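Each chain, letter by letter, is given below.
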Amino acid sequence: MLAVKSNRSKIIILAGIVIIASLFYQFSGIDIAYFSYAMSIRTPKLIVMLITAFCIGSASVIFQSIIQNTIVTPCLLGMNSLYILVHTATVFILGSTSFLVTNKTLSFSIDLVVMGFASMLIYGYLFKKTKGNVLYILLAGTVMSTFFSSVTSTLQRIMDPNEYDTLQNALLASFHKVNSSIIGFSIVLIALILLLLRKELALLNVLTLGKNHAINLGVNYDRSVRRLLLGVTLLIAIATAMVGPISFLGLIIANLSRQLFKTYRHSYLIFGSTLIGMVVLIIGQGLIERVFSFSVNISVFINVGGGIYFLYLLLRNRGNV
Amino acid sequence: MQVTNLTKIYGKKSVVDDVSFEIPKGKVTSMIGPNGAGKSTVLNMISRLIARDGGNVDFKGKDIAQWKSRELSKKLAILTQTNNISMKLTVKELVTFGRFPYSGSRVTQEDVKIIDEAIEYMELTEMENRFLDELSGGQRQRAYIAMVIAQDTEYILLDEPTNNLDIYHATNMMKIVRRLCDELGKTIVLVLHELNYAAFYSDYICAFSNGEIAKFGTVEEVMTKENLSEIYNVDFEVLEINGKPLSVYY
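Residue numbers (my numbering), protein chains in the order written: chain E, 1 to 321; chain R, 1 to 250.
You may find that some hints are simply not true.
[Claimed, not checked] In silico lysine-lysine, DSSO-like type, Cα no more than 30 angstroms apart, as pairs: (1) R:Lys62 x E:Lys128; (2) R:Lys74 x E:Lys128; (3) R:Lys12 x E:Lys129; (4) E:Lys199 x E:Lys128; (5) R:Lys244 x R:Lys225; (6) R:Lys75 x E:Lys211; (7) R:Lys92 x E:Lys10; (8) E:Lys128 x R:Lys92; (9) E:Lys211 x R:Lys74; (10) R:Lys62 x E:Lys211; (11) R:Lys113 x E:Lys199; (12) E:Lys45 x E:Lys104; (13) R:Lys175 x R:Lys74; (14) R:Lys60 x R:Lys27; (15) R:Lys75 x E:Lys131; (16) R:Lys74 x E:Lys199; (17) R:Lys62 x E:Lys199; (18) R:Lys113 x E:Lys211; (19) E:Lys128 x R:Lys75; (20) R:Lys113 x E:Lys262; (21) E:Lys129 x R:Lys13; (22) R:Lys60 x E:Lys211; (23) R:Lys12 x E:Lys211; (24) R:Lys75 x R:Lys215; (25) R:Lys12 x E:Lys131.
No lab work stands behind these hints, which were simulated from the structure alone.
In this text the structure is predicted, and so the values were computed from the model without any measurement.
Start from the sequences and build out the full structure, keeping to the hints where you can.
Given below as structure tokens:
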């Protein structure tokens, strides 16, 4: 009982931090004369950060629980490299001035369709084919990532250098390239995914006991895991299509959440990891905008911070990996 | 439970070949046999953990594939030998999972009572709030059994419950199995490597060899010098101690 209480208060404290950080981000250093203009810039960015944090945070926790390993990241599903490949290929074939590149809504939709389709095809099919072996999914993801990256680097090598320059910019995660129609669409899509997966999400606690226990307790393991995996890839696809390759963030926030809440209850883990993600993104983006005046990108923070944290996790778990 | 013509094929080799038997209700049945004889595979197939390549498993008049998984989990529980849970779980939380087939994630008053009883039955009350990874192997095994008890099924299948336990804990485990049958009226099937545990604590023995049933009968019928020597390909002596046939091999 004590643990539940303190976990609940941790959630409340985290939510408080998120609200304070959001308010600070939204209203600090504003010139009153340009208030509504500033709002029109900041509001969508803030919403995108919140959505991204939710997508990445929940997807990572679910993914780790399915794989039963807390140092995997959904990066392994290859969505990042697929995103990079799609964008590189579009610029390579149609040029950086093509409407497919400049029209944000259109490029978002293309990203989403390609990634969604690829994930259904690769992971949905493969999972059935391998009779529900999640390790094959990991392996396939790794191989796919490498494959996509090799194609990408080949294309980039033979690309026009000016085009390459523009492309490089588009390939870093950022919150600037999103408009309100994309936001609306993403929210609807996420709501839809959650609705369709509500039964499976309720089974998460049991699924983490492992395949045998889950089946023993009457769970349709293969079906549940397959649907959850699809949900995970779609959530990651949404986040990636919105802001770029950012799913490495998941490793950090999911583990911080596990460390903080020390429970198997996924309602806490997912909610916690989402809130932590929000704090990290808002503070990071705030720093970039107000302190570094846009000279660095959020990916830099995430990769440096995430890399160090990953090493820490490896060293800490040395005994039982 | 009636098993007929059960078959499992890996590649071209059939590891379980046309196995038929009936599990005696309200009794303890031990499956014995050399490594790779197919005992665990049979156990996993009749509990729907792995798919079968042929045959029928009739459970209460219906094939287990026809049962709704949730309903089946109220009648039949299986505990396998590898139980590494990576989550931070306390004993009580683990046992609570045993009620999942009945109440999902919402635990009722009745569930709480059954959970507490299961924990008490396995003498785990004083460590019910400790994490599983802080327990010894024997204590952890008892916690898993408590979960199975909370699941409150008629049939309990155990895959090598004495594996990795020392003599003291293994013997206690077998006494618990006996009590579950005698006091709570459960039907228990277990895979065992220790012949003498099988002989002393079970009612029936099902001996496997090369994916087939070599012998199936009461303990006295199966535990003979000739049978055992044939199944294991080792010289045996069978002695009678406390009215039970116990084996010595060398």
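Hint by hint, here is what the structure shows:
1. Distance restraint check for R:Lys62 and E:Lys128: the Cα-Cα separation of roughly 26 angstroms lies within the 30 angstroms cut-off, and the hinted pair is therefore satisfied.
2. Between R:Lys74 and E:Lys128, the direct Cα distance comes to roughly 27 angstroms. Compliance with the 30 angstroms bound is thereby established for this hinted pair.
3. Proximity of R:Lys12 to E:Lys129 is assessed by CA-CA distance (about 19 angstroms); at most 30 angstroms being required, the pair is judged to hold.
4. Annotation: proposed proximity of E:Lys199 to E:Lys128 holds, straight-line Cα distance about 20 angstroms (limit 30 angstroms).
5. Straight-line distance between C-alpha atoms of R:Lys244 and R:Lys225 comes to about 14 angstroms, which keeps the hinted pair within the 30 angstroms bound.
6. With a C-alpha separation of about 19 angstroms, the suggested pairing of R:Lys75 with E:Lys211 holds against the 30 angstroms cut-off.
7. Distance check on the hinted pair: R:Lys92 and E:Lys10 sit about 23 angstroms apart at the alpha-carbon level, within 30 angstroms; holds.
8. With a C-alpha separation of about 35 angstroms, the suggested pairing of E:Lys128 with R:Lys92 is violated against the 30 angstroms cut-off.
9. Under the criterion of a C-alpha separation no larger than 30 angstroms, the hint pairing E:Lys211 with R:Lys74 is consistent with the structure, at around 18 angstroms.
10. For the given pair, R:Lys62 sits about 24 angstroms from E:Lys211 by alpha-carbon distance, which is consistent with the 30 angstroms threshold.
11. With a C-alpha separation of about 27 angstroms, the suggested pairing of R:Lys113 with E:Lys199 holds against the 30 angstroms cut-off.
12. For the hint linking E:Lys45 to E:Lys104, the alpha-carbon distance of about 14 angstroms falls within 30 angstroms, and the restraint holds.
13. For the suggested pair R:Lys175 and R:Lys74, the alpha carbons sit about 24 angstroms apart, so the restraint of at most 30 angstroms is met.
14. The suggested pairing of R:Lys60 with R:Lys27 holds, with an alpha-carbon distance near 16 angstroms, which does not exceed 30 angstroms.
15. A C-alpha spacing of about 26 angstroms is found between R:Lys75 and E:Lys131, which places the hinted pair at or below 30 angstroms, so the restraint holds.
16. With a CA separation close to 20 angstroms, the supplied pair R:Lys74 and E:Lys199 stays within the 30 angstroms bound.
17. Between R:Lys62 and E:Lys199, the direct Cα distance comes to roughly 27 angstroms. Compliance with the 30 angstroms bound is thereby established for this hinted pair.
18. Restraint check for R:Lys113 and E:Lys211: satisfied, since their Cα atoms lie roughly 27 angstroms apart, inside the 30 angstroms limit.
19. Of the supplied pair hints, the one linking E:Lys128 and R:Lys75 holds, its CA atoms being roughly 28 angstroms apart against a limit of 30 angstroms.
20. The straight-line distance between the Cα atoms of R:Lys113 and E:Lys262 is roughly 26 angstroms, inside the 30 angstroms bound, and the hint therefore holds.
21. Straight-line distance between C-alpha atoms of E:Lys129 and R:Lys13 comes to about 21 angstroms, which keeps the hinted pair within the 30 angstroms bound.
22. With a CA separation close to 25 angstroms, the supplied pair R:Lys60 and E:Lys211 stays within the 30 angstroms bound.
23. The hinted pair formed by R:Lys12 and E:Lys211 meets the criterion: a straight-line CA distance of about 26 angstroms does not exceed 30 angstroms.
24. Between R:Lys75 and R:Lys215, the direct Cα distance comes to roughly 27 angstroms. Compliance with the 30 angstroms bound is thereby established for this hinted pair.
25. Distance check on the hinted pair: R:Lys12 and E:Lys131 sit about 18 angstroms apart at the alpha-carbon level, within 30 angstroms; holds.
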